[in-house]
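Quick mapping for you: the protein sequence lines, in order, are chains A and B. For what it's worth, this note's numbering labels the leading residue of the first sequence as 1, then goes sequentially. For what it's worth, this note's numbering labels the leading residue of the second sequence as 1, then goes sequentially.
By construction, these hints were calculated from the structure, which means they are not laboratory data. These numbers come from a predicted model, not from an experiment. There may be inaccurate statements among the hints.
[Stated by the list, open to error] Here are the computed lysine-lysine pairs in the DSS-like style, where the Cα-Cα straight-line distance is at most 30 Å:
#1 Lys68/B <-> Lys57/A
#2 Lys11/A <-> Lys105/B
#3 Lys68/B <-> Lys54/B
[To be verified] With the C-beta cut set under 7 Å, the calculated list includes, among others, these residues of chain B facing chain A:
#4 His33
#5 His38
#6 Gly42
#7 Leu46
#8 Asp99
#9 Gly100
#10 Phe103
#11 Lys105
#12 Gly106
Every residue gets a Cβ at the ideal spot worked out from N, C-alpha and C, and that includes glycine.
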Amino acid sequence: DAGITQSPRHKVTETGTPVTLRCHQTENHRYMYWYRQDPGHGLRLIHYSYGVKDTDKGEVSDGYSVSRSKTEDFLLTLESATSSQTSVYFCAIRIGNTEAFFGQGTRLTVV
Amino acid sequence: KNEVEQSPQNLTAQEGEFITINCSYSVGISALHWLQQHPGGGIVSLFMLSSGKKKHGRLIATINIQEKHSSLHITASHPRDSAVYICAVRYSYSGGGADGLTFGKGTHLIIQP
């Protein structure tokens, strides 16, 4: 699993509340990604990071922000959660140019 | 928009059958991944291909760069192979867009005993 840990694994939150998901890696890889997985859409890129304090938007970044203050942690924040953000969120890292390893996922329900 | 198409979307087969899942993509890539996801589970990378063919146990993955097509084969299928299989590509040139993988929607495979 390349030392990737996501937390929490499950969360239920109310509409309008802020939520932060954490992705932690133990091997100092430069590239980290946040994806969401929804039925009928497959996985889609939310944001990614190519180093400390270096982040960029993906395909579905609206309503999300990220931060990477340390190499090992990549945080995904929903500033004001909406029901459309109910999803399973996966963190991934890239090793070299092509390898991909994924975290176990975080199931988020916004009620 | 660069697309990754998988077929079939759903596949039910009997134990022991030879399984083929297909993936096609639209532009040049630097790598193609085959991923496996069990119900409620995480995502595991089975293969990473940039050319040719790879084999691991009963799983075989092939890629044809000229035709922009890849296949995942499972020989002597078993109920424990039941999972979602996902094709994902890293494009050679994102055209100024985001980094990251582009995913197919997955193939839901059920192997009945």
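Flag every earlier hint the structure violates by its number, smallest first.
5 and 7
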